[in-house]
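Given only the sequences and the hints, what does the whole structure look like? Please build it.
Protein chains in written order, with my numbering: chain W, 1 to 448; chain R, 1 to 448; chain D, 1 to 448; chain B, 1 to 448.
Just so you know, not all the hints are guaranteed correct.
Identical copies look the same in the list; a pair holds intra-copy or inter-copy alike.
[As the list claims (entries may be wrong)] List of simulated lysine to any residue pairs, SDA-like, C-alpha gap at most 25 Å:
id : residue 1 : residue 2
1  : Lys334    : Arg130
2  : Lys323    : Ser28
3  : Lys334    : Tyr443
4  : Lys433    : Ile135
5  : Lys112    : Glu18
6  : Lys433    : Phe289
7  : Lys158    : Asn6
8  : Lys320    : Phe295
9  : Lys196    : Pro441
10 : Lys196    : Ile89
11 : Lys188    : Arg198
12 : Lys12     : Lys334
13 : Lys399    : Leu372
14 : Lys12     : Met136
15 : Lys334    : Asn2
16 : Lys294    : Asn366
17 : Lys414    : Thr374
18 : Lys158    : Ile312
19 : Lys274    : Thr374
20 : Lys12     : Lys73
21 : Lys158    : Tyr111
22 : Lys433    : Asn153
23 : Lys303    : Asp293
24 : Lys428    : Gln4
25 : Lys12     : Arg110
26 : Lys428    : Ser284
27 : Lys73     : Asn120
Calculated directly from the structure, the hints in this document are not laboratory data.
Spelled out, the chains give:
Number of protein chains: 4
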Amino acid sequence: MNIQLNPVGNMKLLSPVEVEHLQQSATSQLYQLYRNCSLAVLNAGSHTDDAEEIYQQYQDFHIQVLRRERGVKIALENPPQHAFVDGKIIFGIQEHLSAVLRDILFANTRYKQHIEDGVNITHVTFDILRNANVIMPDTVPNLVTCWGGHSINEVEYKYTKEVGYQLGLRGFNICTGCGPGAMKGPMKGATIGHAKQRNSQGRYIGLTEPSIIAAEPPNPIVTELVIMPDIEKRLEAFVRISHGIIIFPGGVGTAEELLYILGIMLNPKNQAQKLPIILTGPASSAEYFNQIDKFIAATLGSKAQSLYQIIISDAEQVAKTMKSGLEDVLTYRKQTGDAYHFNWSLVIENDFQLPFAPTHANMLANNISFDLDTATLAANLRRIFSGIVAGNVKSEGIKEIRQHGPYKIKGDGKIMALMDELLASFVKQQRMKLPGSQYTPCYQVLRK
Amino acid sequence: MNIQLNPVGNMKLLSPVEVEHLQQSATSQLYQLYRNCSLAVLNAGSHTDDAEEIYQQYQDFHIQVLRRERGVKIALENPPQHAFVDGKIIFGIQEHLSAVLRDILFANTRYKQHIEDGVNITHVTFDILRNANVIMPDTVPNLVTCWGGHSINEVEYKYTKEVGYQLGLRGFNICTGCGPGAMKGPMKGATIGHAKQRNSQGRYIGLTEPSIIAAEPPNPIVTELVIMPDIEKRLEAFVRISHGIIIFPGGVGTAEELLYILGIMLNPKNQAQKLPIILTGPASSAEYFNQIDKFIAATLGSKAQSLYQIIISDAEQVAKTMKSGLEDVLTYRKQTGDAYHFNWSLVIENDFQLPFAPTHANMLANNISFDLDTATLAANLRRIFSGIVAGNVKSEGIKEIRQHGPYKIKGDGKIMALMDELLASFVKQQRMKLPGSQYTPCYQVLRK
Amino acid sequence: MNIQLNPVGNMKLLSPVEVEHLQQSATSQLYQLYRNCSLAVLNAGSHTDDAEEIYQQYQDFHIQVLRRERGVKIALENPPQHAFVDGKIIFGIQEHLSAVLRDILFANTRYKQHIEDGVNITHVTFDILRNANVIMPDTVPNLVTCWGGHSINEVEYKYTKEVGYQLGLRGFNICTGCGPGAMKGPMKGATIGHAKQRNSQGRYIGLTEPSIIAAEPPNPIVTELVIMPDIEKRLEAFVRISHGIIIFPGGVGTAEELLYILGIMLNPKNQAQKLPIILTGPASSAEYFNQIDKFIAATLGSKAQSLYQIIISDAEQVAKTMKSGLEDVLTYRKQTGDAYHFNWSLVIENDFQLPFAPTHANMLANNISFDLDTATLAANLRRIFSGIVAGNVKSEGIKEIRQHGPYKIKGDGKIMALMDELLASFVKQQRMKLPGSQYTPCYQVLRK
Amino acid sequence: MNIQLNPVGNMKLLSPVEVEHLQQSATSQLYQLYRNCSLAVLNAGSHTDDAEEIYQQYQDFHIQVLRRERGVKIALENPPQHAFVDGKIIFGIQEHLSAVLRDILFANTRYKQHIEDGVNITHVTFDILRNANVIMPDTVPNLVTCWGGHSINEVEYKYTKEVGYQLGLRGFNICTGCGPGAMKGPMKGATIGHAKQRNSQGRYIGLTEPSIIAAEPPNPIVTELVIMPDIEKRLEAFVRISHGIIIFPGGVGTAEELLYILGIMLNPKNQAQKLPIILTGPASSAEYFNQIDKFIAATLGSKAQSLYQIIISDAEQVAKTMKSGLEDVLTYRKQTGDAYHFNWSLVIENDFQLPFAPTHANMLANNISFDLDTATLAANLRRIFSGIVAGNVKSEGIKEIRQHGPYKIKGDGKIMALMDELLASFVKQQRMKLPGSQYTPCYQVLRK
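Right, here's the structure in full:
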């Protein structure tokens, strides 16, 4: 089966010069990335987080960018059949495919490869989001980022839907990492809340990255998909465009996200910033959050703890707390003249912006010690979890592990003990990988 | 808790003369009806089909129509709390409340009470729908009516969602009786299909009647709610505004609907009409449809059978068949110059238009015999099922039964035997009432 | 040339019962009225105010209402050619034609012929406007009625455009009597003002009546045309839907309008009402307004004078004054809870609501005396001017005059002298009829 | 008077990096250009084409780009008062100011200064237009470019309005050079045509260039203003985005435009291209077009003549001819798969793309001879007229002339004689400068 598609959105209007660049990109090593991301979105609704398995299944899938007088065509060979209805692609998937074209091939020709300057990293983050039409001026703060695991149990999943429903009833929009589990539930719930309030402007923003999109393919509710170049810019995008954060149960990725935002909010320069952070889950998750909270207390201290609120098994209370928090955000931004659509004034240090390559050397060299100020400690802890995510589901990480065995992590004994315990609980609770697969740890905590 | 609301839609703009009429209506015997219907929509999402139970629970609920310089206000005393979010009514419910005001109080002042002339009955049906903004010119035939029971099992419910999803993917809009079960599932499925295709114009029309709205309260997905005065105008509304019909498993109400449409389509004057009719359910419903089919064969004959198609456990095939059927409808209406938005040319005889009062006398006098032409036989069979629906869930019918015991039904022996069997199977399959309640038959088949 | 058209707006959706009513209307004596009004809107842009001349020119023009399955068609035989572009009717004219169908034939079947009860007269006025979609809830007070002559000179016309431009720049919408001259200028000017402010929601409402539409055909800028049944309902419509009034130079019609609004505002029950009234014209009109002002002073007194403001040759000041006046209107309506879209609380006595038939007997019997309270005197003076308008340009009045000679007007000597002087100045300034025609007075002031 | 404004459109969303670039631009030599263009649009409606005079009048006008957390502010000191209503800037002018910011400061940081490669010149032209949201996919060919003089007489101006009206009635959109005269009339007429057809989507595109914007400030009807970097890209923009061309009477600028499009269409590679070209004016312009036609015949020959059609004094015929021509364009583009929104396949040689600097040396060196092929001859003739436009109204040209006296033009004797005659007639007909000023020729034809 061969099919040719027109891209939608701003990929509809390309000049021959741009199309040629796209085609050059598409023949370079970038091609494999482009193909795989396209396959991931075509494969939405699939029930595996094993990218390799998907690639295996669709070995004869090919994609090509064709130049036409009117712009560009995307040619698909042997695409997954469930992306089509009566031979016509589902429009939402056509949008996602166009987003891949835009963010992988087109955006790639716009920025230099290695930007080290913070101001420019932020500019690139902003520019990618703006180019994706995600930045909307003249809107009040109502975008809630929901973080949480892609592999959560049924009770947790239902709870994320309930929270999304309560957020939707109150007119809030949802931003997530765009995959399954806690990234899908809040969106699904919000659609019902929005529908009951006849709110047809509901936004469901999904921010992903090339190395994870296959393992966590965009769920079909996502109406605005953006593929950020790396996890650091993805995290920066989350915290700059959203106005509040809810964290559901999850695994190492969720831990990475929590440490990221705490590290930034612990920065004295961000003291005045308003950003409601709520950790929440069903009654059965109480112990989970207890453990997380203990870990934060022991590593980053009570100041870090004071930055978030834990609410157990009360979706309505979560939404009400968020509502009140967002009112504070509005008041603050009005007072300071800050933009509503992008939090320019939040300070994010280089530690959190520069991509961390999850090599064995980097993992081992990562300094974990109480000598560090809490913000830096948070940054370094974040890197450990980030590396384990890579080792679990990102192909670069998986390859590393295959070649060199598990990452070795070391540091302050007390922290290492806590971390080992935390990671073990993630494994036990099946938060590392989707149930059904056997999880082999990609890390080894060196305890002295 | 007391709250005052502005109505929405065309109830926003009323003159003092009209408001006075409304208030007079609201103080008359109509008031009880108005109050009960309002309570029903405020109580959306409730899990009982026992109207009395609802009324019992909210005895201290009151509603009043207040006159203001700007129009009218709806004052609620002690309304169900789940209709509100942080003290503000959910907008969809506010719309439904306005629809009750419009269709019960406002429309009531517009028409004469007992219209017997078919042309005028059709005019009233049209006028009520037009006044509710349901009639849309300049749209192609894409409205699918889904009929089926309010009390269906989980497997059946999931299947109705699946069919709705496949219809939504193909851009079709949904019209149902607006309650739970098979009236909700197709809408819920269609929202997902519409969302995936980024179709924000999806329509979810719910047609109900005052005597059933409490037992089958409008589900919150319904965006266009209309309360027709009686079951006959409700049925006429269904067949004139929609372009195809899908029938899911159900009980006596569903049987009534099937006999209604078959009776009309059997009318020789409607021979050229195009109206795809599909009976469908999951694999477990195969036997159910087999039984229905046998009943039709034995009573109305093979010509009636040829009017519908039975598709078991293939939601995609249902949608594809409907698609092809709707293309025929379009072609036919183009050729004949018929309107797309209202099927004026379909002939509906007096037999099917005049309200049937479910009294014991009428039920007993109803002639069931092979001497009748098939259209008339269908009309009379329809009345029997209609009466049993009333005896089961409509308050007028329930009162009758309470006073005089079960309806007595008689007629041709062979047909009576088949009917007894069919009804018994509905009882056994819990299609008469929602599971949990004990069902006592409100009918007695007299077999000679 | 024969052509068939679909009506637009709510005339698109008619039931057979309604179409039959329309057709019956169209074959009755109403037909001539319908035909003539239709001809008038087809003839927009013509340069005569002599209805007879137009009718003479298009004697072979015929119009028919045809019944189709989908609704109704308007069939035109030999319509004026300039209503068409390449054989297709100009869309704005198609809208106006549909408005004639709606307001002459359709509305005619809805109301009783002679309503004497004030509340019901107001209801009918409201209902006609609502049915024409002119009543818009949820808008702030920004509708300015502009009154003034259809026959004004070039300098005055340019000035009305300038005022309209300044109103348009400030976001105000315009309502006029829909004909040429001072009814067209403000709309034309406002379109430029709206365009410069990129305001695409500008409204240009034209209110007319059957007996004057031919002499003052709707100018093509009018986007919302309503044909009220008589001058009294037309005047009531003006003052209830608009939020401020500007009066440009004009003839007897303009005098009628001024006396109408002053008479109403002089009613003690309307003491608290806010309604900015501005009389304005170019420098060359200063004497004209001086004369009007003197007439008001001498007849209705200084209290009446205090109700309006005269601004000469300062379009910007007019708009600024109106802006400040409309702010008062908003404040007042907020305080009192009055509707923004229709001034229900303004009291209009029967004197001003009941149609005045311009017969010789009525004109002669009309009591003009200082014994009357000022509101009643204003009402009676209004009737005199109303009668002269009829004698000048309405076919009923023209016929009266043709048969019985000029109207005889009598009353208090001092007032009669002032009136004679005022009317003579209108004649001299060519305000009675469009220049080019010779004006023969249709009245005779009996001075004792 | 000091005022701060928010830009609108895509200038609302800028990153600090971009704002800094803007500010650097604004402090560079580009600043004078930015200031002058801003002054020009603030001064819309002024009645002089003498840029110097305007600059003189507003010497104390200053403009600054300020950085704010939310983006950028434009600070104005002592701006022309007529750009404001009650202290608030007219929204259309705010849009034009934002367009200046976008096209002068923002776009300037995006492209290299001297691009010589044709493909890249076309890309820049496209990118500027796309960035201004002027390129709209999914629209049928309906954009008509109207060329003609800024200094035309009243009869000619009225005729351009009449043609615009007829185009507007037929749904066509208008693109012009955005100044007064023949650039304003067609837009003004089209607004009436669009309004009568209730077409609220009418487009009024104005393409200008920095060096002429002050002399020909954008008229307020222009809803989409783009400032192209130079006349060559401006001309390319005209011919690639529009689907037909109408040429009204004008002076040297109009002659430049005619020679430009003829030169391109004479290119054998463009033989199959469809582009209706109509020369038209009122009866009094017949002789003018006769002269132009003779000049074309004598220089470029009958093949060039066959590319256009001359229609005298028949606005309706012009619109009908254009309509039929645009149907051919649609057919052609469908067949070839060409884009509707940008004519990528039209070949424009370097001769027509590279900016021509109007120095005395370049003017003298310009080869005018029958030895050249007609396309090249057209290109060179175009340059002569382009130079004279500069000498007349562009500040760079005016300075050249002030320093070195009139340009000297030489070439084939026969052509030079014709040109001298043509230019003399432009002078005599007051087409060089607005009436009121004394015109001193900036050229001297060297005849041997």
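Evaluation of the provided hints:
1. Lys334 with Arg130: This pair counts as within: shortest intra-copy Cα distance 22 Å, inter-copy 33 Å.
2. Lys323 with Ser28: Cα proximity of Lys323 and Ser28: none, with 47 Å in one copy and 43 Å across.
3. Lys334 with Tyr443: Neither way: Lys334 and Tyr443 sit 46 Å apart in one copy and 60 Å across, limit 25 Å.
4. Lys433 with Ile135: The answer is neither: 33 Å in one copy and 47 Å across copies each exceed 25 Å.
5. Lys112 with Glu18: both (16 Å within a copy, 16 Å between copies)
6. Lys433 with Phe289: Within. Shortest intra-copy distance 19 Å satisfies the 25 Å Cα cut-off; inter-copy 44 Å does not.
7. Lys158 with Asn6: neither (37 Å within a copy, 35 Å between copies)
8. Lys320 with Phe295: neither (27 Å within a copy, 55 Å between copies)
9. Lys196 with Pro441: neither (44 Å within a copy, 37 Å between copies)
10. Lys196 with Ile89: between (29 Å within a copy, 10 Å between copies)
11. Lys188 with Arg198: both (15 Å within a copy, 15 Å between copies)
12. Lys12 with Lys334: between (37 Å within a copy, 17 Å between copies)
13. Lys399 with Leu372: Intra 32 Å, inter 66 Å, cutoff 25 Å: neither.
14. Lys12 with Met136: Answer is both: 21 Å inside a copy and 10 Å across each meet the 25 Å cutoff.
15. Lys334 with Asn2: between (53 Å within a copy, 23 Å between copies)
16. Lys294 with Asn366: Within one copy only: 22 Å inside, 76 Å across.
17. Lys414 with Thr374: Within one copy, since 15 Å is at most 25 Å while 86 Å is not.
18. Lys158 with Ile312: within (14 Å within a copy, 31 Å between copies)
19. Lys274 with Thr374: So Lys274 and Thr374 pass the 25 Å test inside one copy only (19 Å; across, 65 Å).
20. Lys12 with Lys73: within (9 Å within a copy, 32 Å between copies)
21. Lys158 with Tyr111: neither (41 Å within a copy, 48 Å between copies)
22. Lys433 with Asn153: Cα proximity of Lys433 and Asn153: one copy only (12 Å, versus 34 Å across).
23. Lys303 with Asp293: within (12 Å within a copy, 71 Å between copies)
24. Lys428 with Gln4: neither (46 Å within a copy, 53 Å between copies)
25. Lys12 with Arg110: Classified as both: same-chain Cα gap 17 Å, cross-chain 21 Å, threshold 25 Å.
26. Lys428 with Ser284: This pair counts as within: shortest intra-copy Cα distance 15 Å, inter-copy 39 Å.
27. Lys73 with Asn120: Classified as between: cross-chain Cα gap 22 Å, same-chain 32 Å, threshold 25 Å.
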